[in-house]
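**Q** Here's the letter readout for the chains.
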Amino acid sequence: MRLGLKIALLIAALLGLSACPKIPLRENRATFDLASSHWFELEKTQYVFFSISGLRTAQAKLTWPFAFEISGMGTPIPGLQAKADGFAALDLTKGVYQHHFVECGDGRICGSFSFHANSPIQQILVRFRYDAKSEMQEVASVPVATHPAGQGPDSQSALVYGVYNHDNSRLQMRVHDNFGTPDADQVLQYGMNRNFTVSGIQSVSLTTTDEVSSIQQNNGYYIFPAAICGSRVKSGKGETFTFGGHDGWTKTNYDPNEAPNDACFQAALLDQTGNVITSAPGMARKNPVLAGEPLTVQPPVKQTIDIPIIVSYCPDAPDGDTLTNPDFMRYQKFILGVPDKTPTDICFQTGQESQFRSAFAGLLDRKLNAAKTQSGSLNRDFFFRVIINTHNFYKKVRQFHQIMSGAIRAKISNEIVQQSPRLVGAFVYDSEPAPDVDIGGNVVWCPRDPDPNGTSDPSSPQINCTPMNAAGKVTLGPFNFRIPMGPFPTVDAFLKNFNEVGDRGEMNDPQLTVNAVHSGSSTITGGNGNSFYTFFDGQRLDFSPNERLKLCTDRDTDGLFNNMVFQYSDSSNGPGVMSLTDAQSAMLYPKGDTVGSMLVGLQWTNPFIGTFSYSIPVKGSVFTVIPISITGKTTQKLGDPVWSKPVWNLTPLMQKCVRNCEHPGFDESGVYQLTKFWNSDNVCTTPKTPEPGP
Amino acid sequence: MKYFILLLFTPYCFAIELPSPSRTLVEEVVAQTPSDPHRYDWRNDSFSLELGVGAISEFNSFRSDSYQLGVMAPVGGGWIMRGTARRVNTFGTGSSSQMALTPYSQSAQPSRYEFVGGVGFALLDGRSQTVLSPRLTDVNHALYVLAGAQYNYFTSKPDEPIPAMHPVYYNWVLETGLRWQIFFPHSLGFGFEWDYSVPFSHAEPDLGSWQRFTGILSWSFAGSP
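The listed protein sequences derive, respectively, from chains A and B.
For the first sequence, position 317 matches number 317 in the working numbering, and the numbering has no gaps at all.
For the second sequence, position 155 matches number 155 in the working numbering, and the numbering has no gaps at all.
Read the hints as simulated data drawn from the structure, not as lab findings.
Keep in mind that this is a model prediction, so the values were computed, not measured.
Among these hints, one or two may not hold up.
[As the list claims (entries may be wrong)] So these bits of chain B aren't anywhere near chain A, every CB distance computed over 12 Å:
id: 1; residue: Leu49
id: 2; residue: Val53
id: 3; residue: Phe62
id: 4; residue: Gly70
id: 5; residue: Gly76
id: 6; residue: Asn89
id: 7; residue: Val139
id: 8; residue: Phe154
id: 9; residue: Thr155
id: 10; residue: Met165
id: 11; residue: Trp172
id: 12; residue: Phe200
id: 13; residue: Trp219
id: 14; residue: Phe221
[As the list claims (entries may be wrong)] Ranges between beta-carbon positions, derived for each pair:
id: 15; chain 1: B; residue 1: Leu69; chain 2: A; residue 2: Thr63; range: 49 to 59 Å
id: 16; chain 1: B; residue 1: Leu69; chain 2: A; residue 2: Asp183; range: 53 to 63 Å
id: 17; chain 1: A; residue 1: Asp106; chain 2: B; residue 2: Trp172; range: 23 to 33 Å
id: 18; chain 1: B; residue 1: Leu69; chain 2: A; residue 2: Ala132; range: 37 to 47 Å
id: 19; chain 1: A; residue 1: Thr31; chain 2: B; residue 2: Trp172; range: 28 to 38 Å
id: 20; chain 1: A; residue 1: Glu691; chain 2: B; residue 2: Leu69; range: 55 to 65 Å
id: 21; chain 1: A; residue 1: His100; chain 2: B; residue 2: Ser97; range: 49 to 59 Å
id: 22; chain 1: A; residue 1: Ala132; chain 2: B; residue 2: Asn89; range: 27 to 37 Å
id: 23; chain 1: B; residue 1: Trp172; chain 2: A; residue 2: Asp85; range: 47 to 57 Å
id: 24; chain 1: B; residue 1: Gly94; chain 2: A; residue 2: Thr63; range: 18 to 28 Å
id: 25; chain 1: B; residue 1: Gly94; chain 2: A; residue 2: Pro690; range: 26 to 36 Å
id: 26; chain 1: B; residue 1: Gly76; chain 2: A; residue 2: Thr63; range: 50 to 60 Å
The beta carbon of each residue, even a glycine, is placed where N, CA and C say it ideally should be.
Whenever a hint applies, use it, and build me the whole structure from the sequences.
**A** Structure representation (structure tokens):
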């Protein structure tokens, strides 16, 4: 590189330096985000609250030499010395109450002041100086609210009430700062501390009538002021106690079981030097006393005794060999767990429909009667497993399907309303789709619909052996097989796979298990004739006087309550079977004061549920639940897995209140819900109560 | 082409040989000296270790001091490689303290650690001797142009590390500069470095650029002959 070029570069760099601009200043103007003043006639005191935000971090420290000043726009602020411009340095020690500045957030300083005023100063300015000695400043005009004297809660700046700890043995006094602006729970962060003296604390029992009257009188403030306590406070008796800020615990230990469930007292607001500014009665209400309610039910579901019925087109009839398929028959037996050597029970052939009608009905009778005799005292319900073996038959004659479905339905209809043991349903494994058979909710007919594509698409409804209901097809099928060579293809699909692939589709260990809701003397028929209710033996909810119960539907993630019904054990107490909603209402708001005793029951429509399990070598175990019980009116209930739970633990789903059930309480975050009573809804919360320190 | 710039500093006389790297003129200068044919060449070092103290000028109202440890190694021809770790401490000044009492602030880089890796090239080098007797010095010297990438590490990133400071947290910076290095016999060396830095990223308002002046004490380790 030529030296000249090097020197030129060097000079250029130095020139570049000289061109560097100075770094500009940034402006960080702070703003008053709250400025509010309140004058209370009862107290003859005016309060000022203010906060300034947008300060730089260093400036928002109490150690920073900032300054606040206040001006009454010509009216002197009592206790403060105004300068020539009308502003006076805010000397917080001159307040009626104790005040201090607070670092109340990033870049934010909060403060407050109070002064004695017989009438409100209507125009007030607050000024912030970034530095006490500089002229850099921000000014805010402070709106003034006046609160005239009166009997209502608006006339007092501090509303004192009491709350109890978890077992109602200790009483805490609390203050609701009644300014509105700032919010009650934010007043402390404006650095105002007021002292209160509580005296004459008396345990009392207030009636619901008293409380309702108080709510109406106070226009939603509920217990402020607690006028109903005015005559109940006895001066000179009970504990006297002073606290500052927002809350303080009294010293007295109370008997959690004592009868009075409320307390009355007199609360006085004190100035810095201890002089009484105002005084008003206050009240405290004991927390609702909650308890668990143990309830575990075992749905009365027993495994059925299954009765296999093998039906085939008669092989000896003309074309009989082409209208049946022994390979598929073997497969059908394999799937339903029927031994391969089990003979065909009955056959049919074209032209002998009427003979078959009577013969089939007679067969069902004989099979059921034989099973009942054989089962003896097992007291288990019965379930038909029907195999129909045809081939290329369905499209020719459909009457046989109608005959068989009609006979099965009729038999079930007669049996289902009887006490166990009885026939509860049937599973029909047909060879070909039977779309127009009328099966009803207690029969699963498989395959159900004709396959429009002539294939065995496992996702198509005809392969999903779902029961039919009034609404039409059930999309959430109990036998929704989604595996290659599904176990329930039609005979066409079976033969296609068998002939082309040589695969019989025989998975390992297929097991169809059917359970039925047991019906006994405690089973009653619902009003619409389709629902049945079985009440659990000995399962009841007993209530002592004044006890209430919440059925915590918000915790019922399994939907157990959806299948439950209730009934007064003494029928003279109310209507018959009650839904969840009606029962909840009866348990929270009983006629009179006592709920009494409630029976717990189960609601069902189709009395059986089934499970089909099997495994295939590659994909491992597959387990399918057949929820073909319950009403069958909606797809959701058909798919309800709740019936696979052998025991229903309802204990965590219930919350019992044994005392003070009409009282407010704490929510789960520890906030006292002053106007929300325990029995006002059925949401079950675990209250977080305050506790006194050691 | 040969140029000589003769700088006279009582009682020293530096003779700078241009251009570099040519030893011809060094030999001429050596030939002109009456005695002590000592000849030192930084190109024969294996590496040198450095200690440095510097001051950063950011064109704002804050002050920054810099303390550094470094290593430098010739890599052939006029080229060197260098690596440096620095601690930079930033302070307020009377000006910033006054500014803090106002709603105004100014952008600045707060205290940090800096790690620099880069290269340099010797634009000039030569040999100087005193004319006094006994001779106090018999030195070689070089002027390097430098370029490197700098990574900044901040132990914390507060909103306002120093009152009135609006902190700017650059992570990566391009650092260029010039360095005048004097090599004494027996490994000792002194240097003076001026750096000009520009961040790869931008902030608002941006610092734009800043410069640094650093005095360096170095110790060289001889390479294999």
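**Q** Now look at each hint and say whether the structure bears it out.
**A** Against the structure, the hints:
1. Annotated as non-interface, leucine 49 of chain B keeps its C-beta farther than 12 Å from every C-beta of chain A; the closest such distance is 28 Å.
2. Chain A leaves valine 53 of chain B outside its interface by the beta-carbon criterion, the shortest separation being 21 Å against a cut-off of 12 Å.
3. Not every Cβ of chain A is farther than 12 Å from the Cβ of phenylalanine 62 of chain B; the closest lies at roughly 9 Å, contradicting the non-interface assignment.
4. With 12 Å as the threshold on Cβ separation, the claim that glycine 70 of chain B sits away from chain A holds: the shortest Cβ distance comes to roughly 22 Å.
5. Every C-beta of chain A lies more than 12 Å from that of glycine 76 of chain B, the closest at about 17 Å, which supports listing it as non-interface.
6. Even its closest Cβ contact with chain A, about 18 Å, leaves asparagine 89 of chain B beyond 12 Å, as expected for a residue assigned away from the interface.
7. Taking the minimum C-beta to C-beta distance to chain A, about 22 Å, the non-interface status of valine 139 of chain B holds against the 12 Å cut.
8. Taking the minimum C-beta to C-beta distance to chain A, about 16 Å, the non-interface status of phenylalanine 154 of chain B holds against the 12 Å cut.
9. In this structure threonine 155 of chain B is separated from chain A by more than 12 Å, as the shortest Cβ-Cβ distance comes to about 17 Å.
10. With a closest Cβ-Cβ approach of about 9 Å to chain A, methionine 165 of chain B is found to fall inside the 12 Å limit, against its non-interface label.
11. For tryptophan 172 of chain B, the shortest C-beta to C-beta distance to chain A comes to about 20 Å, beyond the 12 Å cut-off, and the non-interface label holds.
12. Under the 12 Å C-beta cut-off, the non-interface status given to phenylalanine 200 of chain B relative to chain A holds; the minimum distance is some 18 Å.
13. Once the 12 Å rule is applied to beta carbons, tryptophan 219 of chain B is consistent with being away from chain A; the minimum gap is 28 Å.
14. Remark: the non-interface label on phenylalanine 221 of chain B is consistent with the geometry, its nearest Cβ contact in chain A lying 29 Å away (cut-off 12 Å).
15. Checking the proposed 49 to 59 Å range against leucine 69 of chain B and threonine 63 of chain A shows it is violated: the Cβ atoms sit about 37 Å from each other.
16. Taken as a hint, the range 53 to 63 Å holds for the pair leucine 69 of chain B and aspartate 183 of chain A, whose Cβ atoms sit roughly 57 Å apart.
17. Evaluation of the 23 to 33 Å hint for aspartate 106 of chain A and tryptophan 172 of chain B yields a pass: the beta carbon distance comes to about 28 Å.
18. Checked against the hint of 37 to 47 Å, the pair leucine 69 of chain B and alanine 132 of chain A passes, with Cβ atoms roughly 45 Å apart.
19. A hinted range of 28 to 38 Å for the beta carbons of threonine 31 of chain A and tryptophan 172 of chain B is consistent with their spacing of about 36 Å.
20. A hinted range of 55 to 65 Å holds for the C-beta pair glutamate 691 of chain A and leucine 69 of chain B, which are about 58 Å apart.
21. Checked against the hint of 49 to 59 Å, the C-beta distance between histidine 100 of chain A and serine 97 of chain B comes to roughly 26 Å, which is inconsistent with it.
22. A hinted range of 27 to 37 Å holds for the C-beta pair alanine 132 of chain A and asparagine 89 of chain B, which are about 30 Å apart.
23. Roughly 52 Å separates the CB atoms of tryptophan 172 of chain B and aspartate 85 of chain A, a value that falls within the hinted 47 to 57 Å.
24. The beta-carbon spacing between glycine 94 of chain B and threonine 63 of chain A, approximately 20 Å, falls within the hinted interval of 18 to 28 Å.
25. Take glycine 94 of chain B and proline 690 of chain A: their Cβ atoms lie about 52 Å apart, and the range 26 to 36 Å is violated.
26. Glycine 76 of chain B and threonine 63 of chain A have their C-beta atoms about 59 Å apart, which keeps the hinted 50 to 60 Å range intact.
Against the hints set out earlier in the document, violations occur for numbers 3, 10, 15, 21 and 25.
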